[in-house]
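Visitor: One letter stands for each residue in the lines below.
Number of protein chains: 2
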Amino acid sequence: MKTGNEFACPIPISQYSQILMAHGGGGKLTHQLIENMFIAAFDNPPLKARHDGAALDMPSSKLAFTTDSYVVQPLFFPGGDIGTLAVNGTVNDLAMCGARPLYLSAGFIIEEGFSMDMLWRVVQSMAQAADEAGIQIVTGDTKVVERGKGDGLFINTAGIGALETGQALSAESIKAGDAVLLSGDIGRHGISIMAVREGLAFESTITSDCAPLSDIVLSLLGSGVGVHCLRDLTRGGLATALVEIAEAGEKHIEIEEARIPVTGEVQGACEILGFDPLYIANEGRFVGFVPASKAENALEQMQAHPLGKQASIIGTVKDDHAGLVTVRSRIGACRVADRISGEQLPRIC
Amino acid sequence: MKTGNEFACPIPISQYSQILMAHGGGGKLTHQLIENMFIAAFDNPPLKARHDGAALDMPSSKLAFTTDSYVVQPLFFPGGDIGTLAVNGTVNDLAMCGARPLYLSAGFIIEEGFSMDMLWRVVQSMAQAADEAGIQIVTGDTKVVERGKGDGLFINTAGIGALETGQALSAESIKAGDAVLLSGDIGRHGISIMAVREGLAFESTITSDCAPLSDIVLSLLGSGVGVHCLRDLTRGGLATALVEIAEAGEKHIEIEEARIPVTGEVQGACEILGFDPLYIANEGRFVGFVPASKAENALEQMQAHPLGKQASIIGTVKDDHAGLVTVRSRIGACRVADRISGEQLPRIC
Chain A
1 MKTGNEFACP IPISQYSQIL MAHGGGGKLT HQLIENMFIA AFDNPPLKAR
51 HDGAALDMPS SKLAFTTDSY VVQPLFFPGG DIGTLAVNGT VNDLAMCGAR
101 PLYLSAGFII EEGFSMDMLW RVVQSMAQAA DEAGIQIVTG DTKVVERGKG
151 DGLFINTAGI GALETGQALS AESIKAGDAV LLSGDIGRHG ISIMAVREGL
201 AFESTITSDC APLSDIVLSL LGSGVGVHCL RDLTRGGLAT ALVEIAEAGE
251 KHIEIEEARI PVTGEVQGAC EILGFDPLYI ANEGRFVGFV PASKAENALE
301 QMQAHPLGKQ ASIIGTVKDD HAGLVTVRSR IGACRVADRI SGEQLPRIC
Chain B
1 MKTGNEFACP IPISQYSQIL MAHGGGGKLT HQLIENMFIA AFDNPPLKAR
51 HDGAALDMPS SKLAFTTDSY VVQPLFFPGG DIGTLAVNGT VNDLAMCGAR
101 PLYLSAGFII EEGFSMDMLW RVVQSMAQAA DEAGIQIVTG DTKVVERGKG
151 DGLFINTAGI GALETGQALS AESIKAGDAV LLSGDIGRHG ISIMAVREGL
201 AFESTITSDC APLSDIVLSL LGSGVGVHCL RDLTRGGLAT ALVEIAEAGE
251 KHIEIEEARI PVTGEVQGAC EILGFDPLYI ANEGRFVGFV PASKAENALE
301 QMQAHPLGKQ ASIIGTVKDD HAGLVTVRSR IGACRVADRI SGEQLPRIC
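Protein chains in written order, with the working numbering: chain A, 1 to 349; chain B, 1 to 349.
Think of the hints as simulated: they come from the structure by calculation, not from any bench.
Incorrect hints may have been included.
Identical copies look the same in the list; a pair holds intra-copy or inter-copy alike.
[What the hints assert, rightly or not] 27 Å max Cα-Cα, derived DSSO-like pairs, lysine-lysine:
| # | residue 1 | residue 2 |
| --- | --- | --- |
| 1 | K294 | K48 |
| 2 | K149 | K62 |
| 3 | K294 | K175 |
| 4 | K28 | K62 |
| 5 | K48 | K309 |
| 6 | K48 | K149 |
| 7 | K309 | K28 |
| 8 | K318 | K28 |
| 9 | K318 | K294 |
| 10 | K28 | K294 |
| 11 | K294 | K149 |
| 12 | K175 | K62 |
| 13 | K318 | K48 |
| 14 | K175 | K48 |
| 15 | K149 | K318 |
| 16 | K175 | K309 |
| 17 | K28 | K175 |
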């Protein structure tokens with residue numbers, strides 16, 4: 001993927017150990033940063049053309065296009081860093097459209113004084129995550145803001161994917177009777193960030209679930225189970241994703257709490273911190289809506305993939321109470337899940 | 001383009017006059033901001049699908065893809081604001097690839113406490129600029145960072161354009177004998193920002209040249225003059241753009257200072273501030289390289305467009321001294337233009 005030593009920062013520490021305003025000025029230092037840091041790490045032909053935009057082949061007449069900015073704090077956490085997140089988060093948004101990830105852009109907003117070595121670590125994480133997800137980082141941009149006008153590093157990525165199947169995935173496509181499948185345990189990303197931020201120690205380290213979902217999604221879509229809708233469970237967690245789908249699809253979604261996998265550590269942390277795991281952000285989990293007749297087939301498909309081993313059928317779609325999400329608890333009580341109105345966990349992605 | 005009153009902020013000032021952390025949390029307030037602010041202003045079918053990614057038609061098998069983050073200070077300046085810039089800057093990068101602009105993403109990083117009304121003004125500017133450039137804002141993202149961890153508002157845009165001609169535009173394609181055409185006067189954007197920032201008053205207000213270049217570029221490309229390379233003159237200005245082209249194309253570019261249009265106000269401001277107009281950023285100017293035999297034809301094409309009235313042939317490409325840019329002054333002296341090593345004007349885009 002790259003030449004030379006992957007682990008040594010290519011801009012000599014003795015020369016510039018920190019980002020200067022001039023690294024964003026468009027002159028010599030910007031040129032050095034682009035050549036020695038970004039082009040060195042993300043090495044691919046469109047990027048090497050060093051044009052302001054990349055000229056790319058498009059293998060399908062339909063594409064998916066998405067963007068996210070990443071402002072996570074801390075920048076490094078168990079299971080990943082802002083770079084891993086910036087690639088996987090956007091790859092996952094493409095996957096939820098049913099698209100095969102192709103091309104990624106990367107925009108860096110760096111605070112003056114940010115460690116050159118940390119930037120290199122993040123860039124390495126991005127290159128590795130892009131490699132794993134099979135996406136190329138083909139174009140980018142770097143801006144530097146004065147000390148105190150940023151927070152170390154913000155990254156924006158935008159992604160392009162190829163829409164090759166005719167399946168229209170949308171909340172509007174869900175139907176009464178559909179089974180709701182969840183790909184794995186929830187709550188790990190948000191709690192892992194929170195634990196680092198608050199200096200909380202649990203018996204074992206809670207690791208973010210950050211992962212690229214395109215492979216598991218494309219194999220599910222290719223298996224002919226007739227998926228109606230897919231959604232990843234980022235900001236706002238499982239509950240918010242389901243509320244959005246129930247409202248847009250004008251259906252009632254009923255889920256059973258006992259069927260939702262949550263690790264003991266996450267459950268414990270949530271109890272201590274006063275959080276509900278249903279609302280905690282994930283970065284490698286999704287829900288899929290499939291016809292009831294294909295639910296078991298879809299579940300097998302998901303469980304056959306390393307990222308879906310803990311997949312389960314957590315609920316069903318109903319025609320009554322359009323727009324509502326209800327959660328049946330372990331003791332049979334039923335409550336309505338709503339959007340959170342305030343801020344539960346800021347800056348987790 | 002939109003329904004209702006374009007000038008009143010759609011989120012009642014009495015309710016939330018400022019951005020709260022919760023506007024970035026993925027809950028109710030994020031939902032309200034997306035619905036009432038972004039979808040209201042950027043109104044188009046892919047965006048209205050309210051999916052994490054937009055599903056789009058791609059009319060060509062080759063596309064151009066580009067991104068830029070915008071961190072300009074102040075956010076509002078004569079001739080535009082960060083919103084105008086965020087649309088035109090990315091549209092222009094697509095134009096420089098020879099692409100017809102199609103789709104734009106918009107990522108907002110907002111500092112807690114930012115004025116809701118200012119955000120609405122910026123969003124209106126983006127909608128208007130997108131309309132003028134014929135590009136649709138089809139997908140987006142909003143993040144909020146704590147007070148003191150940002151600087152009001154940063155915007156990232158990424159753009160997709162259709163590459164319909166077979167013309168390969170690149171610095172490597174320039175040839176000895178090519179004429180260098182400049183589309184208009186230089187230095188206005190950078191100096192207009194600097195004047196506001198430093199509270200400088202000139203006889204008349206210096207207005208940014210910020211404008212979408214796709215129309216003038218597509219008509220130039222369509223006129224059959226055989227363009228070899230195009231480059232817009234943003235960070236680092238005309239000189240830096242030419243140095244990059246000369247180095248990548250391994251040619252000598254010689255320009256004549258007397259042929260480069262600079263207004264008296266910009267010239268005066270540069271003399272007072274100690275800047276060289278050749279290095280000042282522009283947001284609506286570009287250079288084109290065409291065969292000498294087509295130079296006059298190309299010049300006529302450019303001058304026929306409202307954004308190219310002041311276009312001129314400013315120099316030629318030579319085979320000697322590969323990688324050098326030389327500037328012949330009004331009195332016949334010749335100097336080498338190099339990249340600037342430091343930071344001339346920070347945060348002008």
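Visitor: Could you run down the list of hints and mark each one as holding or not?
Guide: Verification of the supplied hints:
no.: 1; hint: K294 to K48; in the structure: neither (46 Å within a copy, 30 Å between copies)
no.: 2; hint: K149 to K62; in the structure: neither (39 Å within a copy, 39 Å between copies)
no.: 3; hint: K294 to K175; in the structure: within (13 Å within a copy, 62 Å between copies)
no.: 4; hint: K28 to K62; in the structure: neither (40 Å within a copy, 32 Å between copies)
no.: 5; hint: K48 to K309; in the structure: neither (39 Å within a copy, 34 Å between copies)
no.: 6; hint: K48 to K149; in the structure: neither (31 Å within a copy, 33 Å between copies)
no.: 7; hint: K309 to K28; in the structure: neither (50 Å within a copy, 32 Å between copies)
no.: 8; hint: K318 to K28; in the structure: between (61 Å within a copy, 24 Å between copies)
no.: 9; hint: K318 to K294; in the structure: within (17 Å within a copy, 68 Å between copies)
no.: 10; hint: K28 to K294; in the structure: neither (59 Å within a copy, 34 Å between copies)
no.: 11; hint: K294 to K149; in the structure: neither (52 Å within a copy, 48 Å between copies)
no.: 12; hint: K175 to K62; in the structure: within (25 Å within a copy, 37 Å between copies)
no.: 13; hint: K318 to K48; in the structure: between (52 Å within a copy, 25 Å between copies)
no.: 14; hint: K175 to K48; in the structure: between (47 Å within a copy, 21 Å between copies)
no.: 15; hint: K149 to K318; in the structure: neither (49 Å within a copy, 44 Å between copies)
no.: 16; hint: K175 to K309; in the structure: within (26 Å within a copy, 58 Å between copies)
no.: 17; hint: K28 to K175; in the structure: between (58 Å within a copy, 25 Å between copies)
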